[in-house]
Amino acid sequence: MALLQSVATLLLFQLFGELLHTLLHLPLPGPVLGMGLLTVWLLRSKQELNPALARTAEGLLSILGLLFVPAGVGIVANLALIRTAWLPLTVSLVISTLLTLVVTAAVLQGLLKRQQRVRA
Amino acid sequence: MTNFGYHPAVFLPLAPLLALTLTLMAYLAGVELQRRLKTPVANPVLFAVVVIGIALRLTHTSFAAYFAGAQFLHFLLGPATVALAIPLVQSIEVIRRSLVPLLAALIAGSLTSALTGYGLARALGASQPIALSMLPKSLTTPIAIGVAESIGGVPSLCAVLAIAAGILVAVSIDAVARSLRVTDWQAIGLAAGTAGSGIGASRVIPQHPLAAAFAGVALGANGLLTALLAPLLAKLLKHW
Numbered sequence: 330m331a332l333l334q335s336v337a338t339l340l341l342f343q344l345f346g347e348l349l350h351t352l353l354h355l356p357l358p359g360p361v362l363g364m365g366l367l368t369v370w371l372l373r374s375k376q377e378l379n380p381a382l383a384r385t386a387e388g389l390l391s392i393l394g395l396l397f398v399p400a401g402v403g404i405v406a407n408l409a410l411i412r413t414a415w416l417p418l419t420v421s422l423v424i425s426t427l428l429t430l431v432v433t434a435a436v437l438q439g440l441l442k443r444q445q446r447v448r449a
Numbered sequence: 002m003t004n005f006g007y008h009p010a011v012f013l014p015l016a017p018l019l020a021l022t023l024t025l026m027a028y029l030a031g032v033e034l035q036r037r038l039k040t041p042v043a044n045p046v047l048f049a050v051v052v053i054g055i056a057l058r059l060t061h062t063s064f065a066a067y068f069a070g071a072q073f074l075h076f077l078l079g080p081a082t083v084a085l086a087i088p089l090v091q092s093i094e095v096i097r098r099s100l101v102p103l104l105a106a107l108i109a110g111s112l113t114s115a116l117t118g119y120g121l122a123r124a125l126g127a128s129q130p131i132a133l134s135m136l137p138k139s140l141t142t143p144i145a146i147g148v149a150e151s152i153g154g155v156p157s158l159c160a161v162l163a164i165a166a167g168i169l170v171a172v173s174i175d176a177v178a179r180s181l182r183v184t185d186w187q188a189i190g191l192a193a194g195t196a197g198s199g200i201g202a203s204r205v206i207p208q209h210p211l212a213a214a215f216a217g218v219a220l221g222a223n224g225l226l227t228a229l230l231a232p233l234l235a236k237l238l239k240h241w
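These protein sequence lines are chains A and B, in that order.
Per our numbering, the very first residue in the first sequence carries number 330; after that it's consecutive.
Per our numbering, the very first residue in the second sequence carries number 2; after that it's consecutive.
Hints may contain errors.
To be verified - Partner residues are not named here, just some residues of chain A that face chain B (Cβ under 7 Å, in silico): (1) Met330; (2) Leu333; (3) Val405; (4) Asn407; (5) Ser421; (6) Leu430.
Stated by the list, open to error - Among chain A residues calculated to face chain B with C-beta under 8 Å, some are: (7) Gly401; (8) Ser425; (9) Val447.
Calculated directly from the structure, the hints in this document are not laboratory data.
The structure presented is a predicted model; accordingly, all values stated were derived computationally and were not measured.
For glycine and all other residues, C-beta sits at the position ideal for the given N, C-alpha and C.
Model the full assembly from the supplied sequences, consistent with the hints where possible.
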């Protein structure tokens with residue numbers, strides 16, 4: 330039953346997220362709002378995090394890659410879309426994505442090191 | 002006409018079952034391949050997508066027919082996204098302590114993605130709607146599509162770019178971290194989630210709990226930030 334309760338919790342918060350998205354026309358999709366709502370709920374709750382919920386989340390997140398495969402196959406089906414501008418799209422996608430990785434990682438690691446030095 | 006054995010109310014029909022089984026087996030084969038080759042380039046998502054893509058081509062199967070079965074896995078993306086709250090809550094003390102650096106890095110990464118994505122595509126000769134589809138490419142697909150739509154991009158193209166960016170992050174994040182000597186799991190997680198949203202996150206989540214927490218934060222916060230900033234950016238970039 331613990332597994333079912335955990336899955337029900339996740340679905341319930343996804344549903345709350347979808348409702349919030351639909352009713353308030355928020356720019357974030359239901360599951361992302363659901364993640365935010367569940368975070369707030371768990372932080373405000375006085376009880377320890379339910380180990381069954383933690384296990385279910387871990388299990389689901391360990392196969393997150395698999396869950397993207399159907400949408401990924403959709404790329405192959407839609408590959409004709411990039412045909413008209415494949416060169417600028419491919420080059421800018423690769424450079425821009427790598428730059429984003431570099432900037433985000435370097436800024437965070439640099440600032441965290443500075444913070445540690447200041448606190449030390 | 003007699004219909005032997007098959008009862009639609011009882012069993013998953015053959016074609017969707019085949020799609021579902023093929024997806025699982027292709028992914029498992031990709032996991033095994035990555036384990037043997039020990040390189041993130043042999044990414045199980047990329048491997049499964051290519052194998053299934055080729056199989057559909059060869060058998061003249063439409064994406065719709067494949068998706069009829071594969072949608073059961075696709076559906077789980079919703080609860081899996083909600084589940085990102087758990088590593089986030091488990092690491093909340095670290096997130097609180099790193100909050101200011103985290104926000105600074107997130108804003109820097111978010112702007113880098115939007116501006117270089119649009120700017121490079123434009124500089125290389127892409128039309129404005131196509132370059133605008135590039136602007137939200139690092140967001141999780143449903144947000145990316147919504148943003149592309151609102152700023153005059155092409156939503157379906159944007160979906161393709163968002164997934165391609167995620168796969169690119171999944172295959173390159175280890176090499177990028179190594180070459181930059183980034184060893185901090187907070188930085189690796191935040192970078193993967195900011196540049197590659199869900200698929201990027203899926204590469205770092207199993208590696209460290211802090212990476213999972215920061216990738217989850219990045220996915221949500223970058224989505225929110227870019228969704229709010231994109232209309233303004235698009236207006237500023239309109240004349241270029």
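Hint-by-hint comparison with the structure:
no.: 1; hint: Met330; result: violated, 17 Å
no.: 2; hint: Leu333; result: violated, 13 Å
no.: 3; hint: Val405; result: holds, 3 Å
no.: 4; hint: Asn407; result: holds, 5 Å
no.: 5; hint: Ser421; result: holds, 3 Å
no.: 6; hint: Leu430; result: holds, 5 Å
no.: 7; hint: Gly401; result: holds, 4 Å
no.: 8; hint: Ser425; result: holds, 4 Å
no.: 9; hint: Val447; result: violated, 11 Å
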